[in-house]
Amino acid sequence: MPRTQALSFAIRTRRCPPTARVGGRAPPQSGRPLATSARNYASSSTPRARNGMNQSTGSLLTPKPSLLQNAILRRHLSHLSSSSRPQASFLYHNLYKDRSLPAVLARFVKQRYMTTARRKKWKDTLRWQLRFHSYFWPMAGLLYLMYIGYWQIEREHQNPTPVEWSFWARWEGRMAKGILKRIDRRGWGSMYEWGVAGTYLEKLLARLEDPKRDGKGLSEQQDGDGTLMVDGVGKLGYDISAKSQRWRQGYWEALMGLAKVAEHMDGLCKRKGESLTGKMFKWENIPGPQNPRPVPAAWDKDGAHLNVPGVTEVEAAMEEPEHYYLRILTSKGFNNRQRLDAALAYADWCDFKGLKDTSAHVYDWALDIAAGGLPEGADHVVDIQTGVINTGKEQYVSENLLKATTALGVWHARHGEVKEALPIFLSVLKARKALPAAPPHMQLKGSGSKNKAMTAAERERQTGSGIAMDLGGKFVDFFKEADKALLPTSGDEQPFHSLKEACEEVGIMTYIGEILFATSDNEREKGLSWTRDSVEAAEAVLWFMDEQNVGLEQEGRQRCKECLETGLSNWQQMARQMTKLAKKREDDAKQSKGWLSLGLGTGSAIDKAIAEVKKWEEEEVQIELRKQRTASLVDTLKPNGNPFGMNTNFGI
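So this note's numbering is basically just the index in the sequence shown, starting at one, shifted up by 264.
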C-alpha cells in the first residue's frame, strides 16, 4: 500500500462512524491517547463476519491496521503532540530533526548571530573598538604621566632635594618632606601619616647609605683596630666629608625626619615584617611572660583588636629616637648648625621622657658644640658651667651660641630653676641688642608705603608685552631646577640685627617677664612691665612687617605672632592677679583698726588701696583694647598653649 494511502487509512480509523452504535448509544469515549485506543481496538476479540458486519449488532466494523500503518500513525501522532506547527516539507528542514539541547543551542547561535550582516557588524564593531582603545589608553597614560610630572615639579619647588640624588631618592625625599610639612602646618598628624612618612624616609635612608646606589663615597669611621665603637652608642655614624653640602643637608633632613617619626612611634610595636602603615599595638597589649594580663587593645573597625599577636610575633615599630640623633652627632661631615639642632632636639626628647640628668648632659654637649665654632681668639665668651655670656664679649657671639644659651635658659625655667635661667636670659638679651645692623643689600625690600618707587624693569612689566614676557618667564622657571643656592649657613657667624632677631628679643623679654612675676612678690610689677614692653615690641615689629609685606614664614613673622599672643595672655593674667591682690589689700585696710586700735591711718590706706584697684582695672581695659587692635595680627595663628614651653602658674 502506498504511504499516502496508508496514512489516510490510519487517520480514518481514528474516527468512529455515527452509525456504529451499540444498542442505539454511542460507544464510550476513553481518556487514553488515540494511538493506545486504536491499538486496543485492533487487538480486541470481537467476532467479525466475513462481510465486515457484526453478527450480533449488524454494525459496520473497521478492519485491523497493519504494522506499517501503526508505525506511520505513531510517528505522525508524536509530531502532532510535540508541536502544533504544520510539518510540511518546505517548512521543516532536515536540520531540525535533531532536537537534543546542544543541537538546539547550536542552531540558535547560528541563527541568531552568525548571519552575514551580523558577521560584518561584529567585524566593524571590533575594528572600531580596537582603534578606540589603541588611542584612548595610551593618551590616558600619557596624561596621567604628565599630571604626575607636574605634581612632582611643583613639589620639588616646595621641597627641594639634592640634584646628586637618584630619581627614586628624590621622589621619596619630596614625598616625606611634604607629609611632614603638612603635619607641622596643621599641628597634628594621624598615625597613618606618620607611618607613611616613616616608610618613605626609611627607604630614602637605605638608598643614601647603600654604596651601590646613592651612598658612593661613604665610609665608616675607623681606627687602627677597625670600626670605631662607643659604649652605649654602638657604631659611630658615617664619614660623609666626601659628599657635597647639598647631599649632606638632605641626609641630615632624612635623619631628623626619622627621629621625629620615631618620637611619635615610641612605645608601639608591629607584627614582624609589616610596614609602618599597618596596625600598631602598644607593648602593654601584647601577652607574654612579662605581661600575663595584657591591657585590651583599642577598638579597630577591621577587627584587628580581636587578633592581638604574641610577644614572639612582634617587634618594635622603629628604632629609638636617640639612635638617629646620635647618628648625626657622631657622624663626620655635618656642620655645627646641624649637630647643634640634633643635640637640642635630643635633649628636649630626654627631658620629655623624664631623664633630667641625661638632658642636662646633652645641653652641656650642645653648648660645647656652639662654643667650639667661635673664631680663634674669642676666649671666655660664655661660661660653660652656667651658660651666661660674659660681659664685654658680645661682639664674638654667634648664632649657634645664642640658640644654645637660650635653649638652656628655657630648660632651667621649665624646671623651676629661675635663679639659673634669669641671668642667662639677661645676658642673651644684652648680646642681641649689641648685634650690628644688617647691610643694605640684606635689608627687606617690600612694596609698602616706604617703597613706592618703581624701577624701570617694574614699569616695563606693567605693559602688555611686559606681562606676556613675565608669564613666559614664569612658565620657563617652573620647569627649571629649583634654586637651592641659599643653603643654611653653619651658624658660626655673628648674626645681624634684623627683624628676625627683633622677634627673638621679644621672646626673651617674655621669658624674663614671666620669671620675675612668678618668682618674687616684690618684682611682680616689674615682671608685668617686662611683659607689657614685649607686647608693644611684638606689635611694632608685626605692623612694620605688614607694611613691608613680609610673608608668614619669612623673617620670624610666625615667631612674632606667637610672642604677641602669649604676651597678651600673660599680661591679662598678671593684671587680673594684681587686681585681686589690690582688692584684698583694700578689704584688709577696711578691716584694720589703725594705729593703737584708734583707726589712725586707715583712711589713707583705704584710699591708696582703692586707687590701686582702679589702676589695675584700667589696665585690664587697656589690655582688652589692645587685643581688639591686634586681632588682625594674631587671628591667622592659633598656637596650642604656651609656645615657649613655660607652664607658669600665677596663682597664689
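Everything labelled a hint here was simulated from the structure, so no lab data went into it. Remember, predicted model here, so these are calculated numbers, not experimental data. Glycine included, every Cβ here is placed at the ideal spot set by N, Cα and C. Keep in mind that a hint or two might mislead.
[What the hints assert, rightly or not] Within a straight-line C-alpha distance of at most 27 angstroms, the following computed DSSO-like cross-link-like pairs (lysine-lysine) qualify: (1) K697 - K657; (2) K878 - K854; (3) K480 - K499; (4) K546 - K565; (5) K697 - K445; (6) K879 - K891; (7) K694 - K657; (8) K667 - K694; (9) K891 - K878; (10) K499 - K467; (11) K480 - K565; (12) K764 - K891; (13) K476 - K445; (14) K467 - K387; (15) K467 - K480; (16) K467 - K543; (17) K617 - K546; (18) K847 - K872; (19) K536 - K499; (20) K854 - K891; (21) K878 - K847; (22) K565 - K683; (23) K854 - K872.
[To be verified] Just the calculated beta-carbon pair ranges, DEER-fashion: (24) Q393 - H421: 36 to 44 angstroms; (25) V572 - E811: 38 to 46 angstroms; (26) T650 - E800: 56 to 64 angstroms; (27) I874 - V559: 58 to 66 angstroms; (28) A404 - E811: 44 to 52 angstroms; (29) T622 - E484: 22 to 30 angstroms; (30) H421 - F400: 25 to 33 angstroms; (31) E640 - K499: 30 to 38 angstroms; (32) H625 - W547: 26 to 34 angstroms; (33) V572 - Y399: 46 to 54 angstroms; (34) L394 - D566: 40 to 48 angstroms.
Outcome of the hint check:
no.: 1; hint: K697 - K657; in the structure: holds, 13 angstroms
no.: 2; hint: K878 - K854; in the structure: holds, 16 angstroms
no.: 3; hint: K480 - K499; in the structure: holds, 19 angstroms
no.: 4; hint: K546 - K565; in the structure: holds, 17 angstroms
no.: 5; hint: K697 - K445; in the structure: violated, 32 angstroms
no.: 6; hint: K879 - K891; in the structure: holds, 19 angstroms
no.: 7; hint: K694 - K657; in the structure: holds, 11 angstroms
no.: 8; hint: K667 - K694; in the structure: holds, 14 angstroms
no.: 9; hint: K891 - K878; in the structure: holds, 20 angstroms
no.: 10; hint: K499 - K467; in the structure: holds, 21 angstroms
no.: 11; hint: K480 - K565; in the structure: violated, 46 angstroms
no.: 12; hint: K764 - K891; in the structure: holds, 23 angstroms
no.: 13; hint: K476 - K445; in the structure: violated, 30 angstroms
no.: 14; hint: K467 - K387; in the structure: violated, 51 angstroms
no.: 15; hint: K467 - K480; in the structure: holds, 16 angstroms
no.: 16; hint: K467 - K543; in the structure: holds, 20 angstroms
no.: 17; hint: K617 - K546; in the structure: holds, 17 angstroms
no.: 18; hint: K847 - K872; in the structure: holds, 11 angstroms
no.: 19; hint: K536 - K499; in the structure: holds, 24 angstroms
no.: 20; hint: K854 - K891; in the structure: violated, 35 angstroms
no.: 21; hint: K878 - K847; in the structure: holds, 10 angstroms
no.: 22; hint: K565 - K683; in the structure: violated, 53 angstroms
no.: 23; hint: K854 - K872; in the structure: holds, 11 angstroms
no.: 24; hint: Q393 - H421: 36 to 44 angstroms; in the structure: holds, 42 angstroms
no.: 25; hint: V572 - E811: 38 to 46 angstroms; in the structure: violated, 60 angstroms
no.: 26; hint: T650 - E800: 56 to 64 angstroms; in the structure: violated, 30 angstroms
no.: 27; hint: I874 - V559: 58 to 66 angstroms; in the structure: holds, 59 angstroms
no.: 28; hint: A404 - E811: 44 to 52 angstroms; in the structure: holds, 50 angstroms
no.: 29; hint: T622 - E484: 22 to 30 angstroms; in the structure: holds, 26 angstroms
no.: 30; hint: H421 - F400: 25 to 33 angstroms; in the structure: holds, 32 angstroms
no.: 31; hint: E640 - K499: 30 to 38 angstroms; in the structure: holds, 33 angstroms
no.: 32; hint: H625 - W547: 26 to 34 angstroms; in the structure: holds, 27 angstroms
no.: 33; hint: V572 - Y399: 46 to 54 angstroms; in the structure: holds, 53 angstroms
no.: 34; hint: L394 - D566: 40 to 48 angstroms; in the structure: holds, 42 angstroms
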